[in-house]
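Please model the entire structure based on the sequences and the hints provided.
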Amino acid sequence: MAQSGTLKAITIACPECDLLNRVPELAPGESANCSRCDCILSRNPLDSIDRALALNFTAILLYIVACYFPFLSFGKGGIMVETRLVSGIVGLAGEGMYFLATVVSFTTVIVPVFVMAGLCYLLLPLRHGHRLPGADWVFRWLMRLEPWNMVEIFMIGIIVAAVKLHKMANLVPDLAAWAFMLLIFVIAWTFNTLEPRIIWEKLERAR
Amino acid sequence: MSAATPGTTAAQAGLVSCHSCGLLTPLTAMAQPCARCGDQLHLRHPNSINRAWALLIAAVIFYIPANLLPITLTTALGRTEGDTIMQGVIYFIGSGEWPIALVIFSASIMVPTLKIGAMTYLLISAQRGLKGQLVNRTKIYRAVELVGRWSMIDVFVVTIMVALVQLGAVASIAAGPGAIYFCAVVVITMLSAESFDPRLIWDGLDANERHE
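Chains as they are written, first to last, in numbering that gives the first Met the number 0: chain P, 0 to 206; chain L, 0 to 211.
Certain hints may be false.
[To be verified] The following label-pair restraints were derived from C-beta to C-beta distances:
id: 1; chain 1: P; residue 1: 142; chain 2: L; residue 2: 77; range: 46 to 54 Å
id: 2; chain 1: L; residue 1: 77; chain 2: P; residue 2: 68; range: 28 to 36 Å
id: 3; chain 1: P; residue 1: 98; chain 2: L; residue 2: 67; range: 15 to 23 Å
id: 4; chain 1: P; residue 1: 94; chain 2: L; residue 2: 142; range: 29 to 37 Å
id: 5; chain 1: L; residue 1: 56; chain 2: P; residue 2: 23; range: 38 to 46 Å
id: 6; chain 1: P; residue 1: 92; chain 2: L; residue 2: 92; range: 29 to 37 Å
id: 7; chain 1: L; residue 1: 75; chain 2: P; residue 2: 92; range: 17 to 25 Å
id: 8; chain 1: P; residue 1: 119; chain 2: L; residue 2: 98; range: 36 to 44 Å
id: 9; chain 1: P; residue 1: 119; chain 2: L; residue 2: 12; range: 35 to 43 Å
id: 10; chain 1: P; residue 1: 56; chain 2: L; residue 2: 74; range: 40 to 48 Å
id: 11; chain 1: L; residue 1: 74; chain 2: P; residue 2: 92; range: 18 to 26 Å
id: 12; chain 1: P; residue 1: 94; chain 2: L; residue 2: 12; range: 52 to 60 Å
Hints are computed from structural coordinates only; laboratory data are not their basis. Just so you know, even glycine gets a beta-carbon here, dropped at the ideal spot from N, CA and C.
Following this line, the structure appears as structure tokens:
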């Protein structure tokens, strides 16, 4: 189903300064900002739902690669240690650093998985004008948790750790490191393609 | 863009906009959940200023041990050495890794410090209902929201090194107590910024009563 319609004119209260703005009709690709504080009020990305879904599937595949394969191999002589995302978390927990292990697993596993699964749950049926139970709740939490999705920051962490350790021993970036690298762009692109207003209006119609 | 642009706010028009979906609802129907998304309606984030202050003060307290205690404990050939955040930066400068030194310095020292300062300024100015610098204060708020999460870099670096450097007697790295406090500072300042309602910046201009 094509999504590239125009969005109708509407009054929106700016989420950052509360000013009531009359937002004109938005053609695909257009956006509107608050006349007082310049906050983005509404956008009309091309094929928002289809593109967000396609990007989300890409992200899921990359994330599976990022979890399954090691991202760095490190060692000296005969001993090589391979590191996966999960082994870092397990290592912290093994040292009794439960708080750190919890925060790292929340920001690099729990939130990303919830966001990717939630987008499928929400957007696949919505594409055909349907909604599944709890869709409101899922989308609300998707938007609220999005800042806590820190996969891209983890990637920078990999680079810094690699630079820090490359003098100590042999260091080889593995497949998962490239998957993380691509995830940075794919996740950012997914959220750039997603316009909450389009989703809420479609959810309302699907009720 | 001048702050004196005329216009009516939702609050002045007797409307409340949903935090989650943006739907406008008359203030009289505020007790019910949002008709579109089912979220609880609030004119402003509840207890915004108090919550943001409480979390900010907690972050300032944790910020001290975060910087004084080692974030990594490196054991090499039987000798254990602790490194604080700043020692990590100095190490990178010493070894000529300028770009990495800059990344760590920005993410772990500059961003948290500026963020604590910025939140203090936003809270005090909103509390006093100051009418100046409205656009700039909104921009500061956006920057805090956008950049704050990047301070997690160092926590991830520690995680990766703990997992990676386990070469038995030759060398091993463990997370130090400073890492816990630093991680707490990042999480708590993010929560503080989330609690702060940027519309309070503009309420000083728009109305004389405070909505909390």
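Exercise. Okay, which hints does this one fail, numbers in order?
Worked result: none
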